[in-house]
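For the protein sequence lines, the chains are L and H, in the order given.
Mapping to my numbering: the first sequence position 170 is 170, numbers consecutive.
Mapping to my numbering: the second sequence position 94 is 94, numbers consecutive.
Hints are not guaranteed to be accurate.
Covered stretches of chain H, as calculated for chain L (at least 3 residues, CB under 8 Å) [to be verified]:
1. 13-27
2. 35-42
3. 55-63
4. 98-111
5. 138-151
6. 210-224
Okay, the calculated beta carbon distance ranges per label pair [claimed, not checked]:
7. F146/L / L86/H: 24 to 34 Å
8. V263/L / R85/H: 16 to 26 Å
9. D131/H / V263/L: 45 to 55 Å
10. P82/L / K140/H: 38 to 48 Å
11. S269/L / Q187/H: 48 to 58 Å
12. K140/H / F190/L: 34 to 44 Å
Just so you know, the hints here were simulated from the structure itself, not pulled from any lab data.
C-beta: ideal position from N, C-alpha, C; glycine also.
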Amino acid sequence: MRPSLRTTLFLAPATAWLLCMLVLPLVVVVVFSFGERGGAGGYVPAFTFENYANLGARWAAFRNTLTLAPFGTLLCLLIAYPLAYYLAQKASPRWRTLLLILVIVPFWTSILIRSYAWIQILGGNGLPRLIGEFGFGRPRFINTPFAVMVGIVYGYLPLMVFPIYVALEKLDRRLLEASSDLGSPPWRTFLQVTLPLSLAGVATGSMLVFILLMGEFLIPQLLGGGKVFFIGNALVDLFLQSRNWPFGAALAATLVLVMLVTVTLYLRSLRRLSGGRDDVALM
Amino acid sequence: MRLYALAVYLFLYIPIGVIALFSFNAGRHAAQFSGFSLQWYGKTLANPFVVGAFKTSFTVAISSALLATLFGTLAAVALQGVRGRLRLLYDALVYVALMVPGIVIGIATLIALVTVFDTLNPFLATLTGPDNPFQLGLGKGSLIAAHGLFTMALVIIIVRARLQGMDRSLLEASADLGAPPMRSFLQITLPQIAPAVMAGFLLAFTFSFDDFIIAFFVAGSETTLPIYVFSSIRRGVTPEINVIGTLVMAASLISLITAQVIMRRRSH
């Protein structure tokens with residue numbers, strides 16, 4: 001079927017935008033990643049795999065990202081699930097909307113400002129000082145993996161709560177009643193009815209958080225102080241400080257590739273876990 | 001269960017409370033509260049760098065959100081008539097725009113634009129004369145284009161979801177009664193998708209206004225508000241950031257409530 005004139009006209013600006021600002025830049029990244037570094041930084045055309053072979057030089061960034069991003073996602077999930085469960089099943093309907101709005105409001109303020117709040121709380125003059133006054137010594141929080149984890153959970157919790165809430169809210173209460181009528185203890189009903197039926201929400205939430213964490217730069221930068229760095233921090237360094245564009249392009253391309261592979265594997269295993277149902281899908 | 005929820009809400013709101021409280025701090029030291037004062041509000045609002053950064057952010061956010069909403073809505077409407085391979089390709093592009101991390105979008109846009117500009121600028125220089133040659137560079141334009149890409153994809157998704165849930169029988173009735181397609185669009189489709197368009201615009205504006213990472217790469221010599229905040233955090237803890245944070249939070253809360261009220265009224 002040939003699109004009509006109106007369809008073509010309506011689609012033209014969006015198509016031009018997607019081609020110029022998405023397709024072209026991504027193609028440039030791939031082309032650059034096979035190039036060589038110029039004398040003053042920048043790019044010299046070439047076809048070499050050297051940049052990819054050198055990725056090991058940034059191994060620490062990969063290791064941090066691939067351990068802290070899944071761990072952060074898991075932590076968000078563990079903290080968000082009970083809250084979502086409470087909101088969907090236990091909270092009184094009168095307060096539910098307000099409570100939900102209260103979960104998103106922090107998400108509407110920039111992650112920059114929210115991380116800054118934690119710099120003040122976890123920094124030397126915040127919590128450590130308070131703990132010190134009670135005579136427990138002055139522990140160090142800021143610039144540790146712990147601080148980065150707090151920032152991650154704080155930043156992404158709302159994104160995890162919402163999809164799980166939506167899944168639990170749709171859950172048919174008659175199923176829960178049937179399960180308990182048939183003599184299942186509550187924990188068993190939870191494991192065999194509630195949890196499997198909310199897996200779609202769990203999948204959506206953890207995918208959203210995980211994808212955003214893989215490209216994270218600000219939280220490790222501000223709360224990890226250069227000691228706990230992610231691939232994002234390595235990328236900023238390569239593009240804005242040491243100006244090694246071809247190597248940076250190879251790193252960026254690898255990041256996207258690793259992300260796609262992880263997401264695919266995760267969704268596939270989850271689909272198997274839920275017995276091949278189709279509602280476990282990201283979007 | 002209720003106690004647990006309370007604990008999570010405390011965790012969510014204590015940092016925001018800290019920001020708001022310390023913005024009224026009388027003392028210089030950010031970490032010690034030494035009395036209530038509005039002096040930091042006065043100082044911050046009188047700082048030309050803060051005002052300039054705010055203006056840049058606002059201009060970029062308004063322009064990119066308007067363009068993204070216009071083009072995104074048009075595309076979402078047009079996509080209803082597109083099937084087959086073209087549709088699949090388009091859907092894939094939109095998802096890629098949303099899925100690729102902001103940092104990669106920032107980098108990709110930076111190196112692509114710099115390469116294109118470096119190629120075009122010598123030609124432009126010979127075309128426009130050696131005295132005051134017209135040259136392309138990073139700045140507000142590249143910020144608007146890069147932010148608009150992501151937010152347009154967002155608008156397409158939101159408006160399309162609304163279009164799919166729309167009652168098609170109204171459109172058919174309108175066509176049966178002899179209304180030309182444009183009229184049906186303006187009188188039936190548009191009012192029905194208006195809330196989604198409005199929500200898309202607000203999301204687009206907020207995203208652009210808050211974005212740091214894409215702007216960090218493509219802003220050139222421009223300073224947006226998040227870039228200003230980032231560089232002042234690097235220079236050290238200052239109460240000024242608490243003031244900016246409180247003002248931005250208050251503003252987005254007010255716009256959120258306004259949007260809610262507008263949509264409520266529409267639906268009654």
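Check whether three or more residues of the segment 35-42 of chain H sit with their beta carbon closer than 8 Å to a beta carbon of chain L. violated (count 0)
Return holds or violated for the Cβ distance of V263/L and R85/H against the range 16 to 26 Å. At roughly 24 Å between Cβ atoms, R85/H and V263/L fall inside 16 to 26 Å, so the hint holds.
Assessment of proposed distance window 45 to 55 Å (beta carbons of D131/H, V263/L): Cβ of D131/H to Cβ of V263/L: about 54 Å, so the range 45 to 55 Å holds.
How about the segment 13-27 of chain H: do at least three of its residues have a C-beta closer than 8 Å to a C-beta of chain L? Check passed, 7 qualifying residues.
Are S269/L and Q187/H spaced within 48 to 58 Å by their CB atoms? holds, 49 Å
When I compare C-beta atoms, does the segment 210-224 of chain H have three or more residues closer than 8 Å to chain L? That given contact holds, which follows from 5 residues of the segment 210-224 of chain H lying within Cβ reach (below 8 Å) of chain L.
Verdict for P82/L, K140/H (Cβ pair) under range 38 to 48 Å: Given a distance of about 45 Å, which is inside 38 to 48 Å, the answer is holds.
For F146/L and L86/H, compare the CB-CB distance with the range 24 to 34 Å and indicate the outcome. With Cβ atoms ~50 Å apart, the hint is violated.
Taking the beta carbons of K140/H and F190/L, is their distance inside 34 to 44 Å? Violated: the Cβ-Cβ distance is about 53 Å, outside 34 to 44 Å.
Outcome, coverage hint (the segment 138-151 of chain H, chain L; C-beta under 8 Å; three residues): holds (count 4)
Between the segment 55-63 of chain H and chain L, are there enough contacts, at least three residues with CB-CB distance under 8 Å, for the coverage claim to hold? violated (count 0)
In terms of beta carbon proximity below 8 Å, does the segment 98-111 of chain H have 3 or more residues touching chain L? holds (count 12)
Violation of the numbered hints given earlier is confined to hints 2, 3, 7 and 12; the remaining hints are satisfied by the structure.
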